[in-house]
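Here is how the chains run, residue by residue.
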Amino acid sequence: MTNSIDDIVEHADVIMLVGSNPEEAHPVIGMRIRQAVERGCRLIVVDPRRIGLASKADIHLRVRPGTNVAFANGMVNLLISLGLADDEFVRERTEGFRIMQAQVEEFTADYVARTCGIAVQDLVSAAKMYGTARHAAILYCLGVTEHTTGTDGVMALSNIAMVTGNLGKPGSGMNPLRGQNNVQGACDMGAGPDDYPGYQKVWDPKVRAKFEQTWGVELPDWAGTKATECFPAMLEGKIKGLYLFGEDPVRTDPDTSHVLKSLAALDFFVVQDLFLTETAKLADVVLPGRCYAEKEGTFTNTERRVQRVRKAVEGPEGSRLDTEIFTEVMNRMGYVQPKLSGAELMDEIATLTPTYGGISHARLDGEAFDRGLQWPCTDAHHPGTPIMHISSFSGSVGAFSTPDFIRSAELPDDEYPFVLMTGRVLYQYNACAMTGRTPGTSEIAGDSFIEINTCDAGALGITDGERIRVSSRRGTVETTARVSSKTNPGETWMPFHFQDGNANWLTHAALDRVSKAPEYKVCAIKIEKLQ
Amino acid sequence: MHNIAINGEPVIAREGATILEAARKVGVRIPTLCFLKERSGVASCRVCVVEVEGEPYPVPACATPVRDGMEITTDSPKLAAYRKMALELILSSKGAALASLACEEGAEATELSKLCCELGVQVPADVDGTDALPVVEGNPFLSYDPNLCIECQRCVGACNAAARNHSLQSRMRGSHVLIDAPFGADWRATDCESCGNCAQACPTGALSLKSRRRSEAPVETPAGVQDAEARFVRTTCPHCGVGCQLELEVRDGRIVGARGAQGASNRSLLCVKGRSASYDFVSSPDRLTSPLVRSPETGELEPATWDEALDVVASRFTALRDECGGESIAAFACSRSTNEDVYLFQKMARTALRSNNIDSCARV
Ligand code: SF4
Ligand code: SF4
Ligand code: SF4
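Those protein sequence lines, which keep their order, are chains A and B. Every letter in the first sequence is one number past the one before it in the working numbering, and letter 313, counting from 1, is 313. Every letter in the second sequence is one number past the one before it in the working numbering, and letter 315, counting from 1, is 315.
One chain only, chain B, in its complex shape (with noise of 0.2 Å):
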């Protein structure tokens, strides 16, 4: 254990600590942009600076560890500036696009933007590149734009020490980190899983969910429902018995988009059918919008009103359960649906259709 302070607060932070651990333990936030918490950190973009008492420089938070007796400050005037300064470089690095990040606002703005409000850094009168560099795209689901990179790394973190698929890499050219993602024209060939758990790591959008630049276009929205910025709702993923913890997107009524939430099974991964696959067949066209009752004339399902296809439902249950007895009903519940869905209609089954044949999908 080690006795330090934080901004003049007598702190304990645990051996071989960062200052960036010690300060979140006791609340204290610092900035951070290439940091990504058990997956990655490359110590490269110096917004995490912090001053410590004794160093001739501001010291990166994340990848210095903590010694008995430092005395920090991670707040000033000159780290204000130090950090301001730090994240124009990283706008003005590339081209117009990833220095236009700089002003947006909002639930869906980037991790990037967002910081650049919070530290008051404008779009950049200067950048040193263009846009020219081709973007990524081959994959149905995930895109990589250069042009927004800001060379952090994080992708690689989460492809290779969270998800632990090892197909998207980096490497170096010079002073600068490459990132090869897996999404060219040749993507059938790797190994990626298009999990897109390197997009959600993504702090600029470089890599991004394609379905994102979809839900973008304006879409028919339903009445009366208007939301002033996206919200987010936490929620299980409908798919497969892990039980991952996901954040549905909801803009205007409808769900945009899919994030891993910290759930205990997932620790934030997703895979590609609940990132992906687990809204569009929510506002599909094709949902059924009226009971239908077989018509005696036609022998076809025709629409018919609720307490029409209620009434035909209640009838012809009863009048077999009075006839022949409940055993000859059968109801299947299914296996998709909630824990108070499957409790009800079992209940209904034994106490209104008077039958134990009951059963769930749970064998198929």
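Chain A on its own, in the form it takes in the complex (with noise of 0.2 Å):
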């Protein structure tokens, strides 16, 4: 995020929500929001779904899945020629400004009402209402990058923010919110095969050498593979060795019978974690780690904020942790790694991570208790920065980069006539590893289900709380219809918690180029009765 949560529940005049659920997939975030709402703050969700902050919605655009990228094209279009352009900061701050207008030109109010499935009054509300907004804030999720074009619909939704000088001031910014606790960290550590800590890159021969100097070897200097590309390179053989720190592909990864496939194809593969999950069955080697109340460290939310995790309470006897296990592989592969407490290691994250550089333990037990510190944090009397860009942009001014509207990878058509997004619920969290083993949270949302309109139900004969079967061209499962008009005609909805039923056994994975995100939130997909 650009911006904080205060910052935007307390400032922002418009709030232009894409793609994303907060009340159930960041529940405090909703509350805020609601928060923010009730304080005057205007709504705008941008959503296929009737979530349920758009009934707190002045505007609810229920644009076609996989639309967002012409979406946006077509606010900017709007901004644009209703006069609402901030000049003076596309002047001064921006650049790149009269390609991108040539470029949304064709972007008409009308195209985009066809192709998105909105009503053009609704679209040019939308615009005057952010674009007279004096502070407006876009906060997005997974339902925008989720897509083979979701790189692309991050960088459309930007030239709404620049174009309107809605960057770098109060209650304003790009907000992604991150899904799990830790993506924001896990990204920053350098869990990226381009980036080490800091994203600094592993291509730039002056980062790799202090690199090699600090770490005292020499390191490799090819590019790496993503994890969503490994799979198919672990089929083709490419990939022979897998290391899997706590996750749980099988479950949570797109189109589970290839990623089987794949880790079947591997030579060794070991899996650390908490429980013996549906992937580590799988593996040849299963390590035992400790969970985040069981040691010392940090986890970095999605406003850059590095808060403390705390020891409660000891691991269970036979497991290890987790810095310790890396420590042994370490020397025992020849590398001579020092056995270093979480305090330690922060130490060592911050002096080879300049955004990192004034992050320690000790500044977060101490004056940063509350607060934490939002990086970038360069130094030990960095307050943190709580909105970015404030006099210009990191690096260089903003461009603005106009992509092309490309349609999803996999539309629906006569054989898989509908369209399929997942997503999650409130109660469960990812795998249900954590939350599955709290007996209430299954108690209210234990089961799969898919969400169908009630329209293309009547059609099909079935009714709400039916069993029936879903399948696209990569699986075949079996759950339960809620009927209801949730969802638009056409389109459906199931989330990716539930083992039974699992809907990841139909999603596709096709990946955005850029990100390799898969595409979650739209494929195909026919419905029948069960027998």
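What the hints contain is simulated information worked out from the structure, not anything from laboratory work. One thing to keep in mind: the hints can contain errors.
[Claimed, not checked] EDC-like cross-link-like pairs, simulated, lysine to aspartate or glutamate; straight-line CA separation at most 20 Å:
# : chain 1 : residue 1 : chain 2 : residue 2
1 : B       : Lys-25    : A       : Asp-370
2 : A       : Lys-240   : B       : Asp-311
3 : A       : Lys-240   : B       : Asp-322
4 : A       : Lys-311   : A       : Glu-218
5 : B       : Lys-37    : A       : Asp-6
Hints in hand, dock the two standalone chains.
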């Protein structure tokens, strides 16, 4: 997020929520958005489904799944032609405006409304509401990124913020809501093939030299492969060994049968986890680690806020601290790694990572106990950065880049006539490894289901609560129909938490060409009565 | 700005501030019960009364704005007697269950019990009612026991002014406030999100988490770990990217509860996952307690010592690395684990596995 939750809740005049259902996926942000709305902040919801917050919204644009880029380009075009662009900001802080303006011209309100399946009037109202606000914030989530055109969607949305000068000031910005608790931190820490910690590039010789010096070994200089691309590489035999730390791709990754085949093709497979997950059952070695309540460390939340994780209890006997396990493996493989505590590891991170340069457990336990530290936090006296890009964009000025609108990789056809989207529900988390072990969560939400529009269900003779068969080109599951107008006709939605009727037997492993995120939000399915 | 005096000390207070706010600002404690900052203040309990020079009776500090020249006394024998009486009235307003809260002590005691200790209030001899009202407990996480309710309406503030869910309301019947808690048999039909922020606000345990009752049953505790009373450990919720701050309640080496803490993103709020699903898995009986290695003979995963397992891992990866190159190995980190874990994991991948094929489940 460029801005902070408090800042948006207190200062935004308009919040535009795109492809995000915070009441279920980020519930406390959901509460805080309700708080903003009750203060008088306007709310624009851009989402195919009638999510809870849609009832509190001033405008709900039920765009067709997979048409975010068209929507955003259309907004930018409208903002410019309605005279709502912030000329000074565009002049002083951005580049490439003219080219962008020419590129979005073809995204007329009529064309966009038709493409996205929304009313022209609503699109115009949304542009006016967003464009006339003094402080307008965009919040978005996986509904934008989990598409083959996810990166394009983010770029196109950024243009909306940039063209109206809604960056680098209170109550505004581009604010991705990061899904899992430490997605932000894991990326920050260099768990990506191109990046050392702090997004320092693996291919930059100066950066590599710095890490080689501190770590005392020569480092590989070739470009690594992203996780979602590793599965095909396993089938091809290019990747033969996998060390999997605390994930359950058999349940959470798209196209389960493909994942199973890929893992089976490995020569050697290690899983480190708390439980014998579906994936761990396939491993050659399983190593029992420790959970967040058994260690000292930090998480970085969606606001870039680094906060402490503190040890509350000892781990079960027989398990070991994850850092201890890695240290053992490193030493046994010939790399001399001293055993370091969580606080000492953070000190090492700070020396190597400019954006984390001022972060230490000591500060987080002291002056920053309640507020944490938001990176960039470059030295021990730096207070952290609640709002990014205040006086200039990091590096250079903000450059407009306008993606073209490309349709989703798999569109409905005669055989598979429905669009399937997937997502989360309030009472569970991902593969339920944690939440599923609390009795109440499963009592409330324990089984898979699929949301179908009332008209479609009527045509198929399916009633609410009926068990039905759902198939895609990749697999078939049985699940329970939830019939309502929450989804539009032709569109359906399933949670991916549940092992019975897991939606990932159906989903499509088509990837975004930049981020390699799978297109969880759009695939084509058919629905049948059981016999 | 107003110039006032609190217990004889000159204080400058903001225009429109209440006496309570002005006193808290300079570190003077006035006991409160029904008041909840920014969320609730119905000024019904009369525990926060103070004396104001020139006023015939004590006034509630939470609801009385300061005036220029006000002289305030926050502590005196007269006030102590007043507060004690107010609390005794509250304690005896229902049945024996509420009255008995007066004698509970310790870190886990309710706020009402702690206040009774502070003000020296004993279990009242006579109570007005019985404990006959039915407990509302359809919701799997939360219950409401009207027999313990002191009508302070803090829960109403928590649900409506903080969680902004508006599914818990109060209404008047005669001179009594009734709380409509959405936890009855029809709880599924309500908008309640089971977040439990109302229960965290409740000073008596009338609204409470069912898990609390479960945790009072004797449990097997890890050997050698005994806490005289509960400890609270401040940490960060393990579920979603909001990063809510919570306090895990630890008793006898086990986590038995979680409550919201004043973090920058959550302002004391939690959702159902943070409050009720953030710790049961920690002590789940199916946690792995031994490394497992697939046996070449049986083809099954079988328990092994750490030494054996780590040797297998190191030797197999070393062989792959040296024969086929680091390109042949991939390492996937977990976006749920700590920064320190992920940092060392990617360092291991790059320095020991000699691979840049490192990624996280960030896209999932
Ligand atoms: S649990 Fe949450 S939503 Fe439900 S009544 Fe309490 S505060 Fe309101
Ligand atoms: S339920 Fe608790 S918080 Fe609500 S009015 Fe009763 S005592 Fe107060
Ligand atoms: S308490 Fe709820 S909203 Fe807060 S971090 Fe945990 S899961 Fe997310």
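Legend entry - Hints violated by the structure (listed by number, smallest first): As far as the earlier hints go, only 4 is violated by this structure.
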